[in-house]
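Sequences and hints are given; from them, build the entire structure.
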Amino acid sequence: MIRCAKKTIPHGKTKQYRVFWSEHLEKLKRKRDALRNTADQTGRTEDVQVWRRQDALRKTADQTGRTLIRLEERKTYKSGGDNQLS
43 MIRCAKKTIP
53 HGKTKQYRVF
63 WSEHLEKLKR
73 KRDALRNTAD
83 QTGRTEDVQV
93 WRRQDALRKT
103 ADQTGRTLIR
113 LEERKTYKSG
123 GDNQLS
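The sequence shown begins at 43 in this note's numbering and counts up by one.
Be aware that a few hints might be false.
In silico BS3-like pairs for lysine-lysine, Cα to Cα no more than 27 angstroms straight-line [said to hold, decoys possible]:
| id | residue 1 | residue 2 |
| --- | --- | --- |
| 1 | Lys-55 | Lys-117 |
| 2 | Lys-117 | Lys-73 |
| 3 | Lys-71 | Lys-48 |
| 4 | Lys-117 | Lys-101 |
| 5 | Lys-69 | Lys-48 |
Just the calculated beta-carbon pair ranges, DEER-fashion [as the list claims (entries may be wrong)]:
| id | residue 1 | residue 2 | range |
| --- | --- | --- | --- |
| 6 | Leu-110 | Met-43 | 40 to 48 angstroms |
| 7 | Thr-50 | Arg-72 | 34 to 42 angstroms |
| 8 | Arg-95 | Ala-47 | 33 to 41 angstroms |
| 9 | Arg-45 | Thr-84 | 29 to 37 angstroms |
| 10 | Thr-118 | Ser-64 | 17 to 25 angstroms |
| 11 | Glu-115 | Arg-95 | 26 to 34 angstroms |
| 12 | Thr-109 | Lys-48 | 13 to 21 angstroms |
| 13 | Lys-117 | Val-90 | 36 to 44 angstroms |
| 14 | Ala-103 | Asp-82 | 22 to 30 angstroms |
| 15 | Arg-45 | Thr-87 | 55 to 63 angstroms |
| 16 | Cys-46 | Arg-86 | 53 to 61 angstroms |
| 17 | Lys-49 | Val-92 | 47 to 55 angstroms |
| 18 | Arg-45 | Arg-108 | 34 to 42 angstroms |
If you're looking for bench data, these hints aren't it; they were derived computationally from the structure. Quick reminder that beta carbons are idealized off the backbone N, C-alpha and C, glycines included.
What follows is the structure, encoded as structure tokens:
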């Protein structure tokens, strides 16, 4: 049992998870999913284009949110936040 625990419990640094998902991204995802269902059912080129355009908007918003989080982390680090040793 100890051997199994040593094998499965990670050693070393574990990644810190930061939530980036928001209600705005959730709305974009729902709209994208609805448009995909419509495009799959009708098969029209116009519906597929609208679905892909909406997916691109969601991806852009997702990437923008992640970038903002990274910028905030850098700002905290450069200003001498709590995580620096004195």
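Consistency of the hints with the structure:
Restraint check for Lys-55 and Lys-117: the C-alpha separation of about 23 angstroms stays at or below 27 angstroms, so the hint holds. Distance restraint check for Lys-117 and Lys-73: the Cα-Cα separation of roughly 34 angstroms exceeds the 27 angstroms cut-off, and the hinted pair is therefore not satisfied. Restraint check: the Cα-Cα separation between Lys-71 and Lys-48 comes to about 40 angstroms, which exceeds 27 angstroms; the hinted pair is violated. Between the alpha carbons of Lys-117 and Lys-101 the distance comes to roughly 24 angstroms, so the proposed pair stays at or under 27 angstroms and holds.
Between Lys-69 and Lys-48 the CA atoms are separated by roughly 42 angstroms; this puts the pair beyond 27 angstroms, and the hint is violated. About 45 angstroms separates the C-beta atoms of Leu-110 and Met-43, a value consistent with the hinted range of 40 to 48 angstroms. Between Thr-50 and Arg-72 the Cβ separation comes to about 37 angstroms, which falls inside the hinted range of 34 to 42 angstroms. Between Arg-95 and Ala-47 the Cβ separation comes to about 50 angstroms, which falls outside the hinted range of 33 to 41 angstroms.
For Arg-45 and Thr-84, the Cβ-Cβ distance of about 57 angstroms falls outside the hinted range of 29 to 37 angstroms, so the restraint is violated. Restraint check, Thr-118 to Ser-64: a C-beta distance of roughly 20 angstroms satisfies the suggested window 17 to 25 angstroms. Distance hint check: the CB atoms of Glu-115 and Arg-95 are about 31 angstroms apart, consistent with the given range 26 to 34 angstroms. A beta carbon spacing of about 39 angstroms between Thr-109 and Lys-48 contradicts the range 13 to 21 angstroms that was offered as a hint.
Between Lys-117 and Val-90 the beta carbon distance is about 41 angstroms. The supplied range of 36 to 44 angstroms therefore holds. Checking the proposed 22 to 30 angstroms range against Ala-103 and Asp-82 shows it holds: the Cβ atoms sit about 23 angstroms from each other. With their beta carbons about 58 angstroms apart, Arg-45 and Thr-87 fall inside the hinted range of 55 to 63 angstroms. Roughly 55 angstroms separates the CB atoms of Cys-46 and Arg-86, a value that falls within the hinted 53 to 61 angstroms.
In this structure the supplied range 47 to 55 angstroms holds for Lys-49 paired with Val-92, their Cβ-Cβ distance being about 49 angstroms. Our hint of 34 to 42 angstroms for Arg-45 and Arg-108 holds, since their Cβ atoms are close to 39 angstroms apart.
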